[in-house]
Amino acid sequence: QKEVEQDPGPLSVPEGAIVSLNCTYSNSAFQYFMWYRQYSRKGPELLMYTYSSGNKEDGRFTAQVDKSSKYISLFIRDSQPSDSATYLCAMSDGGGGNKLTFGTGTQLKVEL
Amino acid sequence: DGGITQSPKYLFRKEGQNVTLSCEQNLNHDAMYWYRQDPGQGLRLIYYSQIVNDFQKGDIAEGYSVSREKKESFPLTVTSAQKNPTAFYLCASETGKRYGYTFGSGTRLTVV
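Heads up: the sequence lines are chains A and B, in that order.
Using the numbering used here, you'd call the opening residue of the first sequence number 1 and step up by one each time.
Using the numbering used here, you'd call the opening residue of the second sequence number 1001 and step up by one each time.
These are calculated hints, taken from the structure and not from any lab test.
Since the model is a prediction, treat every value here as computed from it, not as a measurement.
Treat the hints loosely; a few may be bogus.
Listed next, the in silico DSBU-like pairs over lysine-lysine satisfying Cα-Cα at most 30 Å (straight line) [said to hold, decoys possible]:
#1 Lys1083/B - Lys1057/B
#2 Lys109/A - Lys42/A
#3 Lys1009/B - Lys1071/B
#4 Lys1083/B - Lys67/A
#5 Lys99/A - Lys1057/B
#6 Lys1009/B - Lys99/A
#7 Lys1071/B - Lys42/A
#8 Lys1014/B - Lys1083/B
#9 Lys109/A - Lys1009/B
#10 Lys42/A - Lys1070/B
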């Protein structure tokens, strides 16, 4: 079993829809949680960063962390075709080296 | 503008050859990382360095080598011992304050 599980999709939604992306994890030591967006043939870019449990909002994006369930989510409101990309969750226990463990990524397509 | 520069963008390697991937950052970040990305497997850590002249193996270091002679530079050599080197290689850096990585745009390596 992988430390971080993420549904690979693909997920296809109409423009304007609310998108929900999720990851589950098994390591209870994880306390730093991130979401990255990766366009095809590009490097990932950091979208959201959350420490410990709770919600964080930034524009159309909301990140949620439920440490009791070992479950994190990213919500995208009013989705746009430019949101079409692969979304990677990542997490760390903050220990030596701050090594991130990544999910496999969910491919999202927002259609006109 | 500050960022991470990876070169070349595409690289072709013949069987038995060593090749070196370049990674340079002008963000003044202390920590640097090399990840490998394969379809369906997410990002896997090859090597990381928290300080000049020091580096540690990640989860899949066999067949790879690195150096960290300058803060700005963290080149990765893919040796002939790496049996399956075809992949997308990503370099990243981090401030050390657990705020997430900044990634380069990647190098796609193909064995011919």
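(message) Between the alpha carbons of lysine 1083/B and lysine 1057/B, is the straight-line distance 30 Å or under?
(response) Holds, because 18 Å separates the two Cα atoms, which is no more than 30 Å.
(request) Sort out whether lysine 42/A lies within 30 Å of lysine 1071/B, counting only the CA atoms. (result) Within the cut-off at roughly 24 Å; holds.
(request) Measure nothing beyond the straight line between the CA atoms of lysine 1014/B and lysine 1083/B; if it is 30 Å or shorter, mark the hint as holding. (result) The hint holds at about 12 Å.
(message) Does lysine 1071/B sit within 30 Å of lysine 1009/B, going by the straight-line distance between their CA atoms?
(response) Satisfied, since the Cα-Cα distance of roughly 22 Å is no more than 30 Å.
(message) Holds or violated: lysine 109/A and lysine 42/A, Cα atoms, limit 30 Å.
(response) holds, 16 Å
(message) Just to be careful, I want the Cα atoms of lysine 1083/B and lysine 67/A compared with a cutoff of 30 Å; is the pair within it?
(response) violated, 39 Å
(request) Sort out whether lysine 1009/B lies within 30 Å of lysine 109/A, counting only the CA atoms. (result) Distance ~25 Å between lysine 109/A and lysine 1009/B Cα, so the pair holds.
(message) Hint check: lysine 42/A vs lysine 1070/B, CA-CA at most 30 Å. Holds or violated?
(response) holds, 25 Å
(request) Take the C-alpha atoms of lysine 1009/B and lysine 99/A, compute the straight-line distance between them, and say whether it is at most 30 Å. (result) It holds: about 25 Å lies between the C-alpha atoms, which stays within 30 Å.
(message) Would the hint linking lysine 99/A and lysine 1057/B be met if the CA-CA limit is 30 Å?
(response) holds, 11 Å
Hint check: a violation occurs at hint 4 only; the rest are consistent with the structure.
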